[in-house]
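K.L.:
What follows is the residue order along each chain.
2 protein chains.
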Amino acid sequence: MNFTLFRLATIVSLAAATVVAATKPLVLSEQGSFFVGGETKTATTANANAPAGAPTQGDVTVNQMYVQYQIPLSGNQHVPVVMVHGCCLSSKTWETTPDGRMGWNEYFVRKNRAVYLADQVSRARSGFDAGVINAVKAGQLPPGQLPNVLFATHQTAWSVFRFGPTFNKPFADGQFPVEAVDELYKQMIPDLNALLPMPNPTWKNMGALAVQLHGAILMGHSESGFFPEEAALIDPSGVKGIVSIEMACTTTLMPSQLATLAKIPILIMFGDHLGDVEGRFGSIWTTNFDTCQKFAEQVNGAGGDAQMMLLPKLGIKGNSHMLMQDKNNLQLADLILGWSDQHVEAKKSAKRH
Amino acid sequence: MNFTLFRLATIVSLAAATVVAATKPLVLSEQGSFFVGGETKTATTANANAPAGAPTQGDVTVNQMYVQYQIPLSGNQHVPVVMVHGCCLSSKTWETTPDGRMGWNEYFVRKNRAVYLADQVSRARSGFDAGVINAVKAGQLPPGQLPNVLFATHQTAWSVFRFGPTFNKPFADGQFPVEAVDELYKQMIPDLNALLPMPNPTWKNMGALAVQLHGAILMGHSESGFFPEEAALIDPSGVKGIVSIEMACTTTLMPSQLATLAKIPILIMFGDHLGDVEGRFGSIWTTNFDTCQKFAEQVNGAGGDAQMMLLPKLGIKGNSHMLMQDKNNLQLADLILGWSDQHVEAKKSAKRH
Chain A
1 MNFTLFRLAT IVSLAAATVV AATKPLVLSE QGSFFVGGET KTATTANANA
51 PAGAPTQGDV TVNQMYVQYQ IPLSGNQHVP VVMVHGCCLS SKTWETTPDG
101 RMGWNEYFVR KNRAVYLADQ VSRARSGFDA GVINAVKAGQ LPPGQLPNVL
151 FATHQTAWSV FRFGPTFNKP FADGQFPVEA VDELYKQMIP DLNALLPMPN
201 PTWKNMGALA VQLHGAILMG HSESGFFPEE AALIDPSGVK GIVSIEMACT
251 TTLMPSQLAT LAKIPILIMF GDHLGDVEGR FGSIWTTNFD TCQKFAEQVN
301 GAGGDAQMML LPKLGIKGNS HMLMQDKNNL QLADLILGWS DQHVEAKKSA
351 KRH
Chain B
1 MNFTLFRLAT IVSLAAATVV AATKPLVLSE QGSFFVGGET KTATTANANA
51 PAGAPTQGDV TVNQMYVQYQ IPLSGNQHVP VVMVHGCCLS SKTWETTPDG
101 RMGWNEYFVR KNRAVYLADQ VSRARSGFDA GVINAVKAGQ LPPGQLPNVL
151 FATHQTAWSV FRFGPTFNKP FADGQFPVEA VDELYKQMIP DLNALLPMPN
201 PTWKNMGALA VQLHGAILMG HSESGFFPEE AALIDPSGVK GIVSIEMACT
251 TTLMPSQLAT LAKIPILIMF GDHLGDVEGR FGSIWTTNFD TCQKFAEQVN
301 GAGGDAQMML LPKLGIKGNS HMLMQDKNNL QLADLILGWS DQHVEAKKSA
351 KRH
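From first to last, the protein sequence lines stand for chains A and B.
Going by this note's numbering, the first residue of the first sequence is number 1, and it counts up by one from there.
Going by this note's numbering, the first residue of the second sequence is number 1, and it counts up by one from there.
Chain A on its own, in the form it takes in the complex (with noise of 0.2 angstroms):
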């Protein structure tokens, strides 16, 4: 098959896929959006060209994380869940797929949890500081200390997201759709997590956004897999479970760290091909699987419940790295909410009883 012909073709059925095929209809009972966190801050170069005679300087909120919400009919029976985006990406991640299927924010919905969508502060509608950029346009500070602007290009996220062994081949049983793959380029926009101060201001607000949400589940993937666990262990109060998907982990937590962590359900889920792809980030999944085996397995011998799921391992094949865009996404969400009923539901119902 020629993967760009076969492109192509179905390009035109895409434009009719946004219009996606009649469901039952979605009821809420309320939705919205708001921030968390965000700092002022001065800024001396707010508008490097600003006109003769405009203030130059005056004060601009950073650091601020933007949050999408709906809540089911049923209101807030179940944990609610907070789903955080990767690398280059917004959390259109978790919208309607680029071949125009449900995403798994809606479906969390109609499964009746309230769902949370948040930009990663200095990402789409939660802004970034410019400062740095306008420093330099202004020659106020060296062009070396510009961010590097993570800008992921359709080769890079052919291969990072594992849709097939070399560009434009996809693997034969991907789930992936790989026909809508410029739908999913469309998506990912330059990441500028190198302006961000440390510890990352997203972790301390999903944190935040736990407790003021009485408890919630915190979903991460890839660039953000880990953030759950980082935002527990700034404030664990809130975070009721933790899913991580596809990701590095940190192996190098201290003993009373892993002690927090060991307190909350975890479940870390990986797809299928990680060493199935060809040229330099060949390594990079079997490396961060290892890693975040090892991460669970420190959980665990602290106390913990921290689950590992490998897709294959269960007999669900062809998954990419992309797996609540991939063709069975809607059968992966039932894994992690049959997760959740087990390991923070029951709790939960347990605590009350």
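Please note that a few of the clues may not be correct.
Identical chains blur together in the list; that is why a pair holds if it fits in one copy or across any two.
Claimed, not checked - Derived lysine-lysine pairs resembling DSS-like cross-links, with alpha carbons at most 27 angstroms apart:
| id | residue 1 | residue 2 |
| --- | --- | --- |
| 1 | K169 | K327 |
| 2 | K111 | K317 |
| 3 | K41 | K169 |
| 4 | K111 | K24 |
| 5 | K294 | K24 |
| 6 | K204 | K313 |
| 7 | K41 | K111 |
| 8 | K41 | K294 |
Quick caveat, the hints were computed from the structure, so don't treat them as lab data.
Position chain B against the provided structure of chain A, taking the given hints into account.
P.N.:
What follows is chain B alone, placed relative to chain A:
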């Protein structure tokens, strides 16, 4: 009244306000998100600090426009409405207000309109072309080639958005919820439109979206207030109505262009206190109003239907630049809906019979 103290005192209630007061359930036949437009280009410095041996070259997608939509249970009985935000803002503009009330996005859906929120090209979830930033960092371009990033300060926003005569001093009759102004400041994100080619790709994308929807009302605000007109000048075929809010107008269109716009009902809205802000921004709104008045006269002179709606003239006082967030925002939405019924929907019905 000490404004700062007032603000501090109300900040506590804001966290609660984000959990909006209960209203009737929202029933949707469908929701989702997709992109309009976008082109593939070769990035020569996709990642300036790529590890040794990593490819620095590849394809990236730019100029795509992210669109998030909700369709009411009643479907497309009415003409869909496309809302596009202004400078230094995102589609958050139209959502939950800074003080936690319902935004126009949901209100229009509750009034049985399908609503499409578009993040401008180069902003928020639409992403931007990071090529120039990476090239400057890599020493391939001089710092002066960096875009002029508009990163509006609180001080600028207060004045330009007409919250009061001077910073932190509200108008006595002001409709903007100044007690929650910090929540507005969090919405303000860097504006990278200086990176865009001309004509602005958002214009073409808005026109294309209207066609894709088989007809739509295009709504713009401030920076994007004249974008609906620009979109119609590129392709009027899908533009069934235009709502232009608080912006600068062009008064140098050619007769053929005016003839195009004369076929589309146009509503132009302005709030109050146009000339009541002190300092360097003191005259921009009276000037903008005057140019829009002249533009409307030109359209009407060409046989068109352009209506100027100056709210104080209707006895509606105290509105800021942020009509969709002001305390009477739903009253103003009703004015737009009423105009739409009379000028757009009636026309549609007339055509049907």
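K.L.:
Of the hints given before, which are not true for this structure?
P.N.:
5, 6, 7, 8
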